[in-house]
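Chemist: Heads up: the sequence lines are chains C and Z, in that order. As numbered in the UniProt record's numbering, residues 1 to 457 make up the first sequence, in order. As numbered in the UniProt record's numbering, residues 1 to 1031 make up the second sequence, in order.
Errors might be hidden in some of the hints.
[To be verified] Just so you have them, the derived chain Z footprint on chain C, three or more residues with Cβ under 8 Å:
| no. | stretch |
| --- | --- |
| 1 | 59-71 |
| 2 | 78-87 |
| 3 | 101-114 |
| 4 | 250-260 |
| 5 | 382-393 |
| 6 | 400-408 |
Just so you know, these hints were derived from the structure itself, not from any lab. Think of the CB as a built atom: it goes at the ideal place given N, C-alpha and C, for glycine as much as any other residue.
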Amino acid sequence: MATTKLHLTERETAARFLPREMTYDEVTRDVSEQILTKRVGRVWWIFFAISILGTGLMLASIAWLFIEGIGIWGINTSNIWGFAIANYVWWIGIGNAGTLISSMLLLTRQKWRSSINRFAEAMTLFAASIAGLFPILHLGRPYYFFWLVPYPSTMDLWPQWRSPLVWDLFAIASYLIFSILFWYTGVIPDLATMRDRARTTTGRVLYGAFALGWTGSARDWARYEKYYKAMAALGVPLVCSVHSVVGLDFAAGLAPGWQETIFPPYFVVGAMFSGFAMVVTLAIAIRWGFGLRHLITDNHLDLMGKILLMGSLIMGISYATEWFMSWYGGSDADRSVVSFEFTGPYAPWYWLMLFGNVLAPQLLWFRTARINTAILIFVAIMINVGMWLERILIVAVTPSHDQLPSQWRLYSPTIWDWSLFIGTLGFFLFMFLCFVRLVPVVSMHEVKQLAHERRSA
Amino acid sequence: MSPLRRPITPEAGPSGGCGGAACGCHADLETPAPARGWQSLDDWQRLSEGGPAPVRRPEFPAIIREGPVSRRTALKLMAAASALATAACSPRPQNEIVPYVNMPERVVPGTDLLFATALTLGGYAQPILGQTWEGRPTKVEPNPDHPFGGGGSDPFRQASVLTLYDPDRSRSLLHDGDIASWNSFIRVVSQKVATFESNDGEGLRILTGALTSPSLIDQIGALLRKYPRARWHQWESLGETNAAAGAALAFGRSLRAVPHFDKALRIVSLDADFLGPGPHQVAFASGFSEGRRARRDSRELTRLHVAEPTLTITGANADHRLALRRADIASLARALAQEFGAPAATTAIVPSARDWARDWARRAAADLRDAPGRALVVVGEGQPAEVHALAHWINGRIGAFGGPVTFIEQNAPTGAPIAGLAADMKAGHVDTLLMLDCNPAYDAPAELDFANALRNIPFSVHYGIYVDETAAHSHWHVPGLHPFETWTDARTLDGTATIAQPLITPLYDGKSGFEILGALFGGYGNIANADRLAVQAHWRSFGPPEAIASQGAFDLWWRKALRDGFVAGSAFPTITPPEPRFPPTAPAMPAAAGRVELCFLPDPSVYDGRFSNNAWLQELPKPVSKQVWGNAALISKADAQRLGVGDGDIVRLSRGSVFLDAQAMIAPGQAEGSIGLHLGYGRSNAGEIGSRIGANASLLRTSDALWSAADIAVKKTGAKQPLLTTQSHHSMEGRDIVRSHTLEDFQELARATPEHEREAPATLYPDDPLHPKRPDGSTKPDYAWAMVIDESTCIGCNACVIACQAENNVPVVGPEEIERGREMHWLRVDAYYDGAPDNPDVMFQPVPCMHCEKAPCEPVCPVEASVHDHEGLNVQVYNRCIGTRFCQANCPYKVRRFNFFGYGNGQEYANLGEPMLEAVHNPDVTVRARGVMEKCTYCVQRISRARRTAEKEGREVAEGEVVTACQSACPTQAIQFGDMARHDSAVSSLKREPHGYDLLAELGTRPRTSYLGRVRSSGPALGPGDTREAG
């Protein structure tokens, strides 16, 4: 903490996040050789096998869902959404951090992002794709999902623009398209490097095709920089809009505990928070798996820990605001929902959520905790669990305790709820493991820029 | 050319329908230039260019190619035709096929027809109108012309159409379980007849349920005259023998009391669930509600005192209820009689309840004295004859005779009790036993061991619509006819007879009861229309004077009786009873130490088990507990704590060496020391729907304890099963959901609230002036459909729930889905409890869709499947729905129902997907697919029908022309529907009532369905047993 200064010089930044003097070649070799020459280890194969199983589980769950209908889930007449919507909100939250890290930190010239932005963006991409599946899967008649799209149908029917679900469709679709383009743009120079270093023809052809003829000329770089910054500027509002709209899915309604103006910002912060926790988890795993301690340094962890701490404080304030407003608002139904959260049958989960999201991250006030990977990964996983519970509780508490007590009934998931969720985790792992074997996990060209700054300064 | 070809109207012109040249229609249609016809655009091109007319190609060249029909083709066509003819089976009788070239009179496709007829329950007529579509009954409506119980319905009547099409119905005659022919049955019967003719019917016994059918009683009488040594026995599980014995005790004559609740201002019920399930429910409930309807100018309201062991719907409607063991009610009756000068009696009431009971009796007596000639004491069948006699004695003292209660002579012949039959069976005195429409192997008193006794009978015949427990133990089973398939007659309590006519030809190979009896006369039973001939013969001989005058007069009378649905003037004359005697004291039944009392209760869903296989009724929430698909040992909170029993725990109820395992349910309002158990469950041979559900109470039911057994030991078994209910939370949590007023408060409110139109609540978003409400831009105001539900008169009977289910093709989901909380009823009746759990106040609130003017479900649907129409209906477009369920998430009333599975369409529960059951569907209502949201439509199909009729006649839809299914079924007229835009409509004036309110009005949804708060006339609270404060 003592070393923290508000404004570091570029050289100081470079020195902190690139601890040893590295040549360009060293950087390139460290990253690209992981893919091009090194064989995968046993650990990778074990995880890959698990991920294949998970993907199979996901596909089987979806197949059974399509055959039998959404009745296989634990939802009921009052709790009509259940896991599907909660998982959607959670995954889209995970999918927020990558873009946030890339674009927000790029725009604010946080150079340290260069070590982590590549896989954070990949994480975003995969999480957002999975998130995009859920709104379709949760439909009673999923084969008609395209009716949400304003296409020129023969019946002249358009979607209903007042529905937050239509806003949702546009928010997710734009975000997904943006994430793909942004990530791909950032990876082009590195793909060219890979093309140049590939030892097999297949590698040269594939990397070459995706590198889009990148030459590394000054003109290429000038265009790249302009385009990439412009994309980043677009990204920040998109990150905010996507999860604000998800918040509006609840807040635009009429139900106690959902109809709250705090929901959009609270959802955005929550998304960033859970996404960062996932980035921390993945960063620690990659750093350990690829031996990249010198690229993903303790100082990186330290900074990300601080962001988690800030997130948890904002979440704590948001929760407190919710409690206060439902008391201050004076509506009996709202107050009843809050007391149900603390004392009802879901109370243990609510307390666990508060522990994960608010209490556990308080460890991160201390630098020793922030740079201790064991503590950090514990906190990050607690946050992911806490945020997942928060999504579940948001979806389940209000309908379990709505306006008419005669309709109060609880929600409990079935095996198919769990299998689809666990399956998507497996699918996420699958995509990520493929990604680390095919694409440089650290942005070589940006780290080299950092190395250049360190040297030239 | 098909013989069904109809003249083609000009609108159907060349563009519609007929495609090819080979189609004969062209001959009629085409203008004189047949050569200019074309089949393809090429042809047209050639024609328009003045080319030669194309060669017409035949549509079925293969057939034409054969030239004049060859032998081979002719054979092929004949084979195909006969195959088609065989395949096209239908319930329509083969000899009366009516081609629609000549439209049968009144049968218009797509239009319904109503026929007056009757069902029976406990032998009594249940007058109805049967709605049929092209000869297919789908719905039961009340017969408002009927003088006794016609103006409403009950769940059993409403569900009867499902039983008609039940796939588990018996379809063929069985001999020892194998299919046999009617002729083989007749062969055996005629051998027996020959013997009986020589020995005067020695060993011949007939067992029936309670009967009021004049024709059937007539025929049984004739049979007994023919075979003097034959015997007729009767067994009705929920019969009225105690009432009959009580009247005999009090008056020394066979009299039957007919209560008139509309004439009673103060009612005391001693364990009488007169609003509950039973043959007179509709008549009693509609009479009772007359005095409970609070309107602006109401001066007085009927007050009801109830003492009962289990909270029934009568108790739920009581103003002062006392929870008391069934065995203690006799003492309470004594205490009540004492207030009217009877000698003092020692009380056997448990000490803990004694003070409350005394207070209750004192207040009840004060109320009875308060309204001379307008007060009434009624006693339930669960009480011994002495208590019934005591009630007659009190009724005599308070001047109830001739007013709230009248008497009729009970002189129709009845059969002997079943106990004698069982004894004779065991002794081997019975050779032939014919069991008509009864199920003694299941519901006869347990100590008779009827199922085993049946083994001693050489020739036992069961006749009924199901192969039930009795059929399984009999040698022969003859499939019966549903009341919709046969002619018969029956009387209501007051004696009014209805001639029940069939609505459909028998679906299966069933026989009528008359045919079976006819066989015993030596006939062969195969006479066409034996049932109609028997009924006609009876009325031709014993009918009213205008019927027996001449054949011509009879035919006129017959048609009128059928059309009306009752025989005018056939009610029994009321007689003035003699002075009732003061009865001797009933033997007190002290509670044995460590034992509790078990009360046997008629089930509000399956009655005595006869409706077990009706899935609508199994899935019907019981009015108070909301339990479905089963019964439970209803246990008071104090007893449950003492035994350490919780909801869903399996308890063992033992009586001597017999025991029964049942699920426990802690029931508010249950008397301490008493357990309630509904009859009609635990059946082994009910069918695919009703078998093996719940606990069979009749195992513990014996002749000396038909209604309650005092010597029951209860033990927890340790097993547990979730209770299946549709409502688990019964507290209003202090929210403004059901409003309650005392009569005084209500009158104050009426004075303070001037009569005016209810104003639309303030809004920041006025209606958009750019989009006028009416699409054609005319200024004529639209209909504004609205509903008002009166919480004062709603008794919670559930008739509306089943009526809605029948009308709107609402699917059954089954117990597993109920456990997951996915019931589909469009209309539910919420029950809220208030006050102490040992004797709560119960409030019923039927909740259909509110049809909010600012409906929260509409803006959240992404595909506009939930939309508003210009008449104010919130409509759901099933075709457009993709199943996001956001509408239900946002509905504060939670009235929407989602097809999580294809409940009505491909993934039905048990056998409800059988093709036969498609016949029960209302053809005007879509069957919803999986993944689609549905909800109450205000019976939009009925609105639409009325609108079409009105438009054809060039007029507005008249007030009262649209009657929703729930409204029509309601026996108390608690539901009113109509056009709110008319100032003079019933709903408009009800909405102006001072106690009218909207549910959750603070949300700004502006519901079209509104409520009238509950108004009760209750005296001051006395004693700790009474929780109803005067307010």
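Chemist: Compare the structure with each hint and give your call.
Modeler: Here is how each hint holds up against the structure:
no.: 1; hint: 59-71; in the structure: holds (count 4)
no.: 2; hint: 78-87; in the structure: holds (count 4)
no.: 3; hint: 101-114; in the structure: violated (count 0)
no.: 4; hint: 250-260; in the structure: holds (count 4)
no.: 5; hint: 382-393; in the structure: violated (count 0)
no.: 6; hint: 400-408; in the structure: holds (count 7)
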